[in-house]
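From just these sequences and the hints, can you work out the full model?
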Amino acid sequence: MLDAIGVEDEEELFDIPEAVAFDGEFGIEPRTEREIRAECARLLRRNDDLTEFLGRGHYGHYVPSIVDHLADRAEFITSYTQYQPEITQGFLQALFEYQSMLVELTGLPIANCSMYDAATALAESATLADRVRSTTGDVVLVPEQLRAGKREVLSNYCDGADLSIETYPMDDGIADLDALADRADEDVVMIYAENPTVRGCIEEGLAEIGEIADGTDALFTLGSDVIALSVLQEPASVGADVVVGEAGALGMPPAYGMGLGLFACAEEYLRQVPGRLVGAGEDADGMRAYTLTLQTREQHIRKERATSNICTNQAWVALRAAIHASMLGPDGLVDLANDCVREAESVAAAIDDLSGASAPVHDRHHFREFAVRTDQPAAAIAGDLEARDFAVHVIDEHLLQVCVTELNVGETDDLVEAFAEVL
Amino acid sequence: MIYDQARYTREEENHHEPLLSEKGQETVGPGESSPLPEALTRDELTLPNPSEPEVARHYTRLSQMNWAIDAGPYPLGSCTMKYNPKFTEDVAADPNGAVHPDRSDRSVQGTLELLAGLQEYLAAIGGMDAVTLQPPAGAAGEFTGILIAKAYHEKQGNDRSEVVIPASAHGTNFATAAMAGYDVVELPSGEDGRVDFEALEAAVGEDTAALMLTNPNTVGLFERDIAEIADLVHDAGGLLYYDGANLNALLGRGRPGDMGFDVMHYNVHKTFATPHGGGGPGAGPVGVVEELAEFLPTPHIREVNGSKLGYETYEPEHSIGKVHGFAGNWLVLIKTYAYIARLGDAGLADAAAKAVLNANYLAEQIDLEVPYGPFHHEFGATAGDRDAADVAKGMLDYGVHPPTTKWPEMVPEAMLTEPTEAESRASLDDLASAFNRAYADSDEALADAPTQTTARRIDQADAARNPRLSWQALGEE
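Residue numbers (the numbering used here), protein chains in the order written: chain A, 1 to 423; chain B, 1001 to 1477.
Since the hints were made in silico from the structure, they are not lab data.
Careful: at least some of the hints might be erroneous.
[To be verified] Interface residues of chain B toward chain A, partial, derived using beta-carbon atoms under 8 Å: (1) E1022; (2) E1026; (3) F1087; (4) L1147; (5) M1179; (6) D1258; (7) P1316; (8) I1320; (9) I1340; (10) R1342; (11) Y1361; (12) P1402; (13) T1454.
Note that CB positions come from ideal geometry on N, CA and C, so glycine has one too.
Okay, here's the thing in structure tokens:
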């Protein structure tokens, strides 16, 4: 090969001036495959084997084996963005199907084929609001109770668009509608609400929030997740303009926060959507075929006028979510969602029976998770629970949060027993 | 190479593998079985309800209708489609790593130690002092880096409004600068394809927050004046940002930190061989020099000296906050660690050598002209008076994936080609043969191509004019 090029040594091919060349060493010792597997396994065994009752935006649900087996097929996982649609119909169709499932779950006609996670999807909805709303305002209204990480991501996207974030208060775990109505005026470009809320409360005033947003021409962005959406009020029916949230609740095991951002919106924002869209068209034989479409929104064509800078996304996680949803079917999905309501309520009731704690803190219906008020400092109780191999959230001085899914439902009695010991 | 991609087609139907929805859907009433009051539940849910064997067959067929690096060459320029070592998947699948991000530091010491180790590897490879692993993709890394630059200038009390970007840069650079609230100053390419130093001198000034540079650039050319460029930007008080998309060419031979770059992102799905997954997930860690470390996203991971706790998460003093809801794409990061550990110093340097050798060898074998050089790991061939997009469609029929087409614009009818170190000589010869056959094919043949893929030529303009983005939209017709 060197002969064909006409050089004697491949070093001749490098055109790096001596002054900036690196001839040192990184100090990284190569290891064999076997050694690295052993090394990483040894490291990860140092993670304590806790039963996690953790949620707040990252959810552990059981992922059927078939998801790994199909999604790990090399034809899927070792492919890339479908710049040549004729030879990548398979992935395009899978993403088209994923989009369609989100269209059904949200009731909104447009869904993209992924953002990074719920936080970045929320942030992208704010910049969308900035582009599509004719109000002169620059305020994004978010609930007072919002995961801090989500708020921080939103804030970073808002800064560049000269948007500011304000909060509206909660009324026992859900939106305080009177306060929200008082604050909503022409300054507000977007109202964000969650269902369920970060504390697991099922929002009861969605239609009213939709009307408030409508009344001031603010965009109504609703945050949720793919499992909750299968049983809770359909976002389109309550006037949501955009739905964002976590779609990795299907398809992904707990993965230290790695997720899949859900993004769906009304038809009128089609040309302002961030991220990739797969559309159906026809090939030269008149056969239905799929392709990335409306790419003039995107950074590789529109550059600084693009709707977002997103390029690499979470396509493979979207494939996993779609396979998981297919396996469940609508019945399985609804059963799973209804269990999220029943189990949370039953574990909350059991904790409420103990002295030294009350749950749920908010007198609302709950989905998956709920807050617990403790007489003793919450951090100390969480520490004591961790010593008994249970992980729960500490959300305030005297507040814990507990999340129940099918991954830990078999150990809820043990959790309650541990609570009884440590309260 | 004769190539035939899978098609599953019933004669009477106008599509190949049916949509899941066409195989059968079911409508349920979620409220009926729900413990919730009716007002809080939806009325109906209609979704496909295939059996497990049907799911297996559907997705297996779809996979057969999809090109992948494991099937053959995938030389998309600037995408670095390397082979993805299989053992990294097994490392990532360790159930002990499947933990929630809100776990206490003391209960996830293994995860933190592994991530801290990766921070160190990446810092050494980039010549940087500190690295965050939070950005979930290259573009998110760019956004992080530019937010860090902005925070730095703000702390200095400087209000700078512009980011300078060469015309040949990735589109993400421009979009990122705009998202961070900066005006973009686009720099024309010089005659030799590199940064036009005089144009740069004219563009850089007291409003310059940063220069974003890809090096080697997007046709594989090393910016020989990088030391002077760095001085120019620094003298004006600006920062130098390194777009890591082409880092694969430099491994072991040059480090952005040594060249004067202050902040950079790494595309681990490119340089460090984590699978591209049909479009993602990737990860875009960001490295910074010491002076910028206080601005890194929160939480950051560090080793704790003299404490029983080995590693901890903390918020850097002037952190920009967060760019991902949690800690980024963990499953991708662990594969990155495994890949770097497998190669070590010598293997990483060897990857760059082979990548550059392969690109130069392939360029010698093709009949298309390559206007700029000497190039490194990728080259911008020109299809001349042929349409690059048509030549690419022709290549699809010869058992390879074509290069990136019609970009960057400095090369007319560009075919930006990056074979990576993964390809053998035989496979490079297949690739060259596909190039040359398609390039020599008649206009009529190219217009008719591809014929061997699942779909024939797709009318993308029509798909965009008449957007149908869901099976529901198809059903309305």
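Quick rundown of the hints versus the structure:
Hint on B/E1022 is violated. Least Cβ distance to chain A is approximately 10 Å, over the 8 Å limit. Checking B/E1026 against chain A by beta carbon gives a least distance of about 5 Å; that is within 8 Å, so the hint holds. For B/F1087, the interface hint holds, the least distance from its beta-carbon to any beta-carbon of chain A being 5 Å, beneath 8 Å. Interface restraint check: B/L1147 against chain A, minimum CB-CB distance 6 Å, threshold 8 Å, status holds.
A least Cβ separation of about 5 Å between B/M1179 and chain A falls short of the 8 Å threshold, and the interface hint therefore holds. Using the Cβ-Cβ criterion of 8 Å, the hint placing B/D1258 at the interface with chain A is satisfied: the shortest such distance is roughly 6 Å. Here the hint on B/P1316 is broken, as its CB sits about 13 Å from the closest CB of chain A, past 8 Å. Among the interface hints, the one on B/I1320 holds; its C-beta lies about 7 Å from the nearest C-beta in chain A, closer than the 8 Å criterion.
Below 8 Å, beta-carbon pairs count as interface contacts, and B/I1340 has one with chain A at about 6 Å; its hint therefore holds. Taken as an interface hint, B/R1342 checks out: its beta carbon lies about 6 Å from the nearest beta carbon of chain A, inside 8 Å. Annotation: B/Y1361 was flagged as interfacial toward chain A, and the flag holds, the nearest CB pair being 5 Å apart, inside 8 Å. Interface hint at B/P1402: satisfied, since its Cβ lies 6 Å from the closest Cβ of chain A, which is below the 8 Å cut-off.
A cut of 8 Å between beta carbons decides the hint on B/T1454: the least distance to chain A is about 4 Å, and the hint holds.
Of the hints listed earlier, those the structure fails to meet are numbers 1, 7, in rising order.
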